[in-house]
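Participant: What follows is the residue order along each chain.
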Amino acid sequence: MKFSLGRYVPYDSLIHRIDPRAKLLAILFLMICIFFPYQSWAMTFAVDGAIFLLLVVLLYMTRTKIVDILRSLKSLWFMIIFLLLIYCLIPTTEPTFPLAFEVAAWNWRVYWDSFLQAAKILLRLMMMIELTMVLTSSTKPLDLTFALEWYMTPLKVIHFPAHEIAMIISIAIRFIPTLLEDTSRIMKSQESRGVSFSHGRISKRVVSLTSLIIPLFVSAFMRSDELANAMECRGYDPRGNRTRYRLLKAKWYDWVFLLFCAAVFGVLLWFSIDPRFNALLLFPAEVH
Amino acid sequence: MKIISVNNLSFSYDGEHPAIKDVSFDVEEGSYVAIIGHNGSGKSTLAKILMGLLNGYEGEVKLFDTVLSNQSITALRKRIGIVFQNPDNQFVGSTVADDIAFGLENHEVPHEEMEGIIHQYASEVGMIDFLDHEPESLSGGQKQRVAIAGVLAMKPDLVIFDEATAMLDPKGKREIADIILKMKQENPKLTILSITHDVEEANRADEVLVLNDGQLFLSGKPSEVFAHGKELREIQLDSPFLAMLIEALKKQGIDVPQGINDVEKLEEYLCR
Numbered sequence: 002m003k004f005s006l007g008r009y010v011p012y013d014s015l016i017h018r019i020d021p022r023a024k025l026l027a028i029l030f031l032m033i034c035i036f037f038p039y040q041s042w043a044m045t046f047a048v049d050g051a052i053f054l055l056l057v058v059l060l061y062m063t064r065t066k067i068v069d070i071l072r073s074l075k076s077l078w079f080m081i082i083f084l085l086l087i088y089c090l091i092p093t094t095e096p097t098f099p100l101a102f103e104v105a106a107w108n109w110r111v112y113w114d115s116f117l118q119a120a121k122i123l124l125r126l127m128m129m130i131e132l133t134m135v136l137t138s139s140t141k142p143l144d145l146t147f148a149l150e151w152y153m154t155p156l157k158v159i160h161f162p163a164h165e166i167a168m169i170i171s172i173a174i175r176f177i178p179t180l181l182e183d184t185s186r187i188m189k190s191q192e193s194r195g196v197s198f199s200h201g202r203i204s205k206r207v208v209s210l211t212s213l214i215i216p217l218f219v220s221a222f223m224r225s226d227e228l229a230n231a232m233e234c235r236g237y238d239p240r241g242n243r244t245r246y247r248l249l250k251a252k253w254y255d256w257v258f259l260l261f262c263a264a265v266f267g268v269l270l271w272f273s274i275d276p277r278f279n280a281l282l283l284f285p286a287e288v289h
Numbered sequence: 030m031k032i033i034s035v036n037n038l039s040f041s042y043d044g045e046h047p048a049i050k051d052v053s054f055d056v057e058e059g060s061y062v063a064i065i066g067h068n069g070s071g072k073s074t075l076a077k078i079l080m081g082l083l084n085g086y087e088g089e090v091k092l093f094d095t096v097l098s099n100q101s102i103t104a105l106r107k108r109i110g111i112v113f114q115n116p117d118n119q120f121v122g123s124t125v126a127d128d129i130a131f132g133l134e135n136h137e138v139p140h141e142e143m144e145g146i147i148h149q150y151a152s153e154v155g156m157i158d159f160l161d162h163e164p165e166s167l168s169g170g171q172k173q174r175v176a177i178a179g180v181l182a183m184k185p186d187l188v189i190f191d192e193a194t195a196m197l198d199p200k201g202k203r204e205i206a207d208i209i210l211k212m213k214q215e216n217p218k219l220t221i222l223s224i225t226h227d228v229e230e231a232n233r234a235d236e237v238l239v240l241n242d243g244q245l246f247l248s249g250k251p252s253e254v255f256a257h258g259k260e261l262r263e264i265q266l267d268s269p270f271l272a273m274l275i276e277a278l279k280k281q282g283i284d285v286p287q288g289i290n291d292v293e294k295l296e297e298y299l300c301r
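The listed protein sequences correspond, in order, to chains A and B.
Count the first sequence with my numbering and you get residues 2 to 289, in order.
Count the second sequence with my numbering and you get residues 30 to 301, in order.
For the record, the hints were derived by calculation from the structure and aren't laboratory data.
Worth double-checking, as some hints may not be accurate.
Pair ranges (Cβ atoms, derived) [said to hold, decoys possible]: (1) B:M273 <-> A:V207: 51 to 59 Å; (2) B:S166 <-> A:F36: 35 to 43 Å; (3) A:F53 <-> B:H148: 41 to 49 Å; (4) A:F218 <-> B:K218: 42 to 50 Å; (5) A:A229 <-> B:S166: 22 to 30 Å; (6) A:H200 <-> B:N99: 51 to 59 Å; (7) B:Q265 <-> A:I172: 32 to 40 Å.
Predicted model only: the values in this text are computed from it and were never measured.
Every residue, glycine too, gets a C-beta built ideally from N, C-alpha and C.
Please build the complete structure, drawing on both the sequences and the hints.
Facilitator: Okay, here's the thing in structure tokens:
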């Protein structure tokens, strides 16, 4: 079984070395500023283009493979059709660009604006996916869990179980390969008894899936029971005090990266809100 | 000092069929005791009771002269280390180092001391080169060695092996057996209780307890217990190779004196 989307890629890049807490927050900043609205098309193109360039640099730094990028975008084809359909059906009131086609009988006019609108949303979704990829391919799942736990720690005041949630996530991550191994073992043994998972009618295949799911659940519950015993015997008490083996220490470049992303966020927020900047760039057709 | 003291212990899962019937035994400090028995003999149940995972038994269980109860178990667990059967289901951390650290974190060992302790015990079980490895890239025997390192790192007075080698290949079994012997040499005060159905492993212990149908069937030094080859075979247990060899020699009229407990000594005796 293979995961390509969001899998950690071991490599010693600058992005890999950034503290997971700083990275999580910085990427979050960038994600939000992808979706800022601007009043003019020229401004949108300029800003989205700049973010796109930044993203290319980040992807290059994390050494993400082109194949993996393309694979992660594979599931977007449905979005393309959906967006085109929606934007073609919504009438454009103040078109900037010329008419693309019209069906006069239905009084249906589609301007190039609709296509651009669809393309804009699509590009922004793609950038969103790739930003997630920058985060997950350069950060071990466990480090991400630590970062989440760190951000949730203040919530302990209102009895929010931050540590328990982090422990649950990290154990779930730890057991993914074990359970995948179980799955393939059970599939092989059921196939050797004549169950078919890949042939026959859909209804039949669904029925044969139960012969995979039930043993898998039983095995998972047995494992969790034994794991709970083992953890208890090693002195684990979720409510007790614990010391930490892995401590996160912020270094100077963590701050540089975080401040840089925060600055990008701040500047773009300003561009988006302040009307003077919002219409800084205009196409000739946009001057009203 | 008695590390484990079990008096008239009885236990039943369903209230009708007893899993343990009136078992009594003591384990002295620094001894290596093996409990053997075939499947369903009650040895796993006994192990669970000793670890404080089962309640509702009759009789008395004392660990370190303290009666085992829900109140005392937390304090007692700090002195007991347990290695379980399934290597995967006791690997909590996401890497070898994290897993060894798990027990240390629970016992609030300061962060500054952890690195040194982890290195010390990882090298003791020969896993020092694997500190960054994730469990799926390790063999069963390697995972069990990590589990032992995690247990030893907490400096326990008693280590219980609950069929720790049952799921390993012969090479893994041998590695674990070597580590157990090394542990004994380095710390003579360490008490080891091994629950197993591997008679070769039991043969290396100081004392062997044989369970059958929840009752104590035989107990004593390995050479004494395995001299009862016929009775052991009746309850579906084999004898170790050495005991079978001595029995066969006796049948041929060659008498072997008591106290010969390994193949080298036997060889020496026969060559004389």
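Participant: Decide, hint by hint, whether the structure agrees.
Facilitator: The hints, checked one at a time:
Checked against the hint of 51 to 59 Å, the C-beta distance between M273 of chain B and V207 of chain A comes to roughly 55 Å, which is consistent with it. A hinted range of 35 to 43 Å holds for the C-beta pair S166 of chain B and F36 of chain A, which are about 40 Å apart. Taken as a hint, the range 41 to 49 Å holds for the pair F53 of chain A and H148 of chain B, whose Cβ atoms sit roughly 46 Å apart. For the pair F218 of chain A and K218 of chain B, the beta carbons lie near 45 Å from each other, so the given range of 42 to 50 Å is met.
Take A229 of chain A and S166 of chain B: their Cβ atoms lie about 25 Å apart, and the range 22 to 30 Å holds. Distance hint check: the CB atoms of H200 of chain A and N99 of chain B are about 54 Å apart, consistent with the given range 51 to 59 Å. As the Cβ distance of Q265 of chain B to I172 of chain A is approximately 38 Å, the hint placing it in 32 to 40 Å holds.
Checked against the numbered hints listed earlier, the structure breaks none of them; every hint is satisfied.
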